[in-house]
Amino acid sequence: MSDTLHAPPASACPACAAGVAALDRVQTPPEDARLVLSVPDAHCAACIATIENDLERMPGVQSVRLNLTMRRVSVQADPGTSAQDVIDRLQRLGYDAHELDPGTLSMTETDRQGRDLLMRLGVAGFAMMNIMLLSVAVWSGATDATRDLFHLISALIAIPTIAFSGQPFFRSAGRALRAGRLNMDGPIALALVLTVAISLYETTRSGEHAYFEAAVMLNFFLLAGRYLDFRARAAARSAAQELAALEVPRAIRLEARREVTVPVADLAVGDLVLVRPGGRVPVDGVVTAGRSEIDRSLLTGETLPAFAGDGTLLSAGEVNLTGPLTVRVTAAGKDSSLHRMADLVAHAEAARTRYTTLAERAARAYAPTIPLLSLGAFVVWMYISGGDLRLSVNIAVATLIITCPCALGLAVPAVVTAASGRLFRKGLLIKDGTALERLAEVDTVVFDKTGTLTLGTPEPTNPDDHPEAARRVALALASASSHPLAQALARALQDRGIDPATLDAVQEVPGYGVEGQWQGQRVRLGRAAWVGAEAGDTTAACLAMGDQPRAFTFADRLRPGAEEVVAALKAQGKQVCLISGDVPAAVQAMAARLGIDDWQAEALPQDKAARIDALHAAGHRVLMVGDGLNDTVALTAAHVSISPATALDAARTASDIVLLGRDLAPIADALRMGKLSTRRIRENFWQSGIYNLIFVPVALLGLCTPLWAAAVMSLSSITVALNALRLK
Amino acid sequence: MEVLGILIPISLGLGLLGLGAFWWTLKKGMYDDPEGDSRRILRKDYDDHPKP
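Those sequence lines, one after another, are chains R and L.
Those letters in the first sequence? Residues 10 to 737, per the numbering used here, in order.
Those letters in the second sequence? Residues 60 to 111, per the numbering used here, in order.
These are calculated hints, taken from the structure and not from any lab test.
There could be a bad hint or two in this list.
[As the list claims (entries may be wrong)] Chain R is faced by these chain L residues, among others (derived, beta-carbon under 8 Å): (1) Glu61; (2) Leu85; (3) Pro93.
[Stated by the list, open to error] Beta-carbon label-pair distances, calculated as ranges: (4) L:Trp83 with R:Glu369: 50 to 56 Å; (5) R:Phe179 with L:Gly79: 39 to 45 Å; (6) L:Trp83 with R:Leu712: 21 to 27 Å; (7) L:Ile100 with R:Leu186: 44 to 50 Å; (8) L:Asp96 with R:Leu186: 50 to 56 Å; (9) R:Asp397 with L:Ile100: 58 to 64 Å; (10) R:Leu398 with L:Gly72: 36 to 42 Å; (11) R:Gly628 with L:Gly79: 55 to 61 Å; (12) R:Glu65 with L:Gly79: 34 to 40 Å; (13) L:Lys86 with R:Thr378: 53 to 59 Å; (14) L:Val62 with R:Glu217: 55 to 61 Å; (15) R:Pro88 with L:Ile100: 56 to 62 Å; (16) L:Asp96 with R:Val389: 38 to 44 Å; (17) R:Leu712 with L:Ile100: 47 to 53 Å.
The model shown is predicted, which means the values in this text are computed figures rather than measured ones.
We put the beta carbon where it would ideally sit given N, CA and C, even for glycine.
All chains, full assembly: derive it from the sequences and hints.
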């Protein structure tokens, strides 16, 4: 983990750091920074100790708290402590981290809703226990005045409880009814109200049976299901919040020799924009001054940096690598290529049919049967008993309680919660609750290459083929540049224990390379044409030194777990494809290395989406794994999609599942887990169905007592929950 | 049976006490990090100087 290759951190102002150190824990300054970072690899007590103890020693940091459930560390620090410093520090400890926006994460609407539901659940739980205490006394033989008193006390507890805890169901049922629909909450609300009403009536008439405990119990179990469901959804929502990138879309506009930072939205066609090395091109434009190299990999999947000089056309989203560029805006806002991509995504989203979940299908079939069945019981018993209203209503209510989908309400959320918890521990964040069910149907997996199967960081392939002197000179030259190839080369050579040669007059020529004087002769490291070498078709940096140029070739580093995941997917019988925007040679090499037969190169974003549509049309269900801007349309078009946490925010937003760690291997687990959890959900439906099949006739015959109702309800709910926990 | 007059209020009172305790833990955010808390309890550095 600690050998992670990462882009150089944005240099923090050294003066700030010094200032912070000097401040040295004066009483909590009024505006200290709260930083929240996601640390997906933290998993044990030792992690808590390592991270908290180390970060607390960091100057300027006041308190650190690691939340292991959310895998987040929140740092209270003096202003001026940048998230990047904390990330670097964590990196040295061996933890990957990325910054989250504390503004969107602090006590939000979702948190309030969660606590609200939990409170209602708690009230229902305590009321249930107390009423059950009284009911047990009644069941074990309390009679006459004692029974009536116990029923009365139960009523005093149950009525306020149902009024408070039943609200989510009443509200949802009311909304559905006003819209002219019947959802699952309709019968539930009806059952709650009718049960309490009839029990109250029986109590006043000193009747033998009151169903207060059944009403509260029903409420409790259904709320438990509702809460689990909410938690899964909240996790999805917070995932989306978490991933809302902090990169504020800003640009540096050149105005009469002044540099002004403005929001990208304010740029107009014709404006001059400065793009610094390491910065992302904010708009489409044409270069008017400066020379550099640009990284197009996020847009096109090409790994080779392209040369940019006077007149080069740039698209929004590309990254400037070496020299500052002045760009004249040719298209901003709605017309820019970024925006066109967003339009394509919106189009694909609209075309995606809404997925009907298993729970929805079950509810649709089941919701109308409940009131119909109890109404039928009522009518038939009115006929049999010759108009005994009290008896008929009692039987109808008993039927309503037995049929009420207690276990059905738990069946799906219990499984989804258990499964997403398991996957989260493996480093997968499920953003969409239905993703698991959709994963189960997948038979084809499509991978992107750059940034997905590879880390998007180059690695020299032949540093050992060159003589010692060449390597020393190359190291000295490479160290002088911040170009990714140069940095990768420098790192590789340093790792081999090579000392840099002493050079004079080293200077970087933006867009071309680095040159210097070594023992009186000129040496250059850079583009093939510039050093006087023949350009090959592999990524290479050439070294001109004396007689003949030497080429240091590079290959993109494979993401850990890439080989395993392809092998595992093939073993599971899935069809695996590789679609990339990169050149054929690079894609073919990658496909051969991983054993993927089906590959496609130089694919435009539209091509990728078209390919996925074609696969869908042929009856396949596609899982798309991708990270770039050029993948977003395909991610949206696919049946399910996964993107790594390092992906561009647009790609992460478009995908259903985010891979938090660097390892790709959990993808195979996710597919397996999807299949397994769908099976568990079906089993749960069957289980609760069988309970109903047995006990509905009992209720219809008028043999169901409150004791029976309570026993059946808890038994079915508990078996369903236990079945969900069997997920491994 | 007179004992019921004492026992029932007591049982209801205990129930309410439990509910109150639950409400308090909820307000204090004790359900925010169950996994972390289950590990923290095993650490020595909380023994003498519990962190807030």
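Satisfaction of the hinted span 38 to 44 Å by the C-beta atoms belonging to Asp96 of chain L and Val389 of chain R: Because 55 Å falls outside the window, the suggested range is violated.
At the C-beta level, are Glu65 of chain R and Gly79 of chain L separated by a distance inside 34 to 40 Å? holds (35 Å)
A range of 47 to 53 Å was offered for this pair. Does it hold for the Cβ distance of Leu712 of chain R and Ile100 of chain L? holds (50 Å)
Going by Cβ atoms only, is Glu61 of chain L closer than 8 Å to chain R? violated (12 Å)
Could you tell me whether the CB distance from Trp83 of chain L to Leu712 of chain R stays inside 21 to 27 Å? Violated - the Cβ-Cβ distance for Trp83 of chain L and Leu712 of chain R, about 44 Å, lies outside 21 to 27 Å.
For the hint on Pro93 of chain L, just tell me whether its beta-carbon gets within less than 8 Å of chain R. With a closest approach of 6 Å, the Pro93 of chain L hint holds.
Does the beta carbon distance between Trp83 of chain L and Glu369 of chain R stay inside 50 to 56 Å, or does it fall outside? Hint violated: Cβ distance 38 Å, outside 50 to 56 Å.
Per the hint of 50 to 56 Å, is the separation of the Cβ atoms of Asp96 of chain L and Leu186 of chain R within bounds? violated (42 Å)
Satisfaction of the hinted span 55 to 61 Å by the C-beta atoms belonging to Val62 of chain L and Glu217 of chain R: Since Val62 of chain L and Glu217 of chain R have Cβ atoms about 25 Å apart, the given range 55 to 61 Å is violated.
Given the hint of 44 to 50 Å, is the C-beta distance from Ile100 of chain L to Leu186 of chain R inside that range or not? holds (48 Å)
Hint says 55 to 61 Å; check whether the CB-CB distance for Gly628 of chain R and Gly79 of chain L agrees. Given a distance of about 59 Å, which is inside 55 to 61 Å, the answer is holds.
How does the Cβ-Cβ distance of Leu398 of chain R and Gly72 of chain L compare with 36 to 42 Å: does it lie in that range? holds (39 Å)
Hints 1, 4, 5, 6, 8, 13, 14, 15 and 16, counting from the list given before, are not met by this structure.
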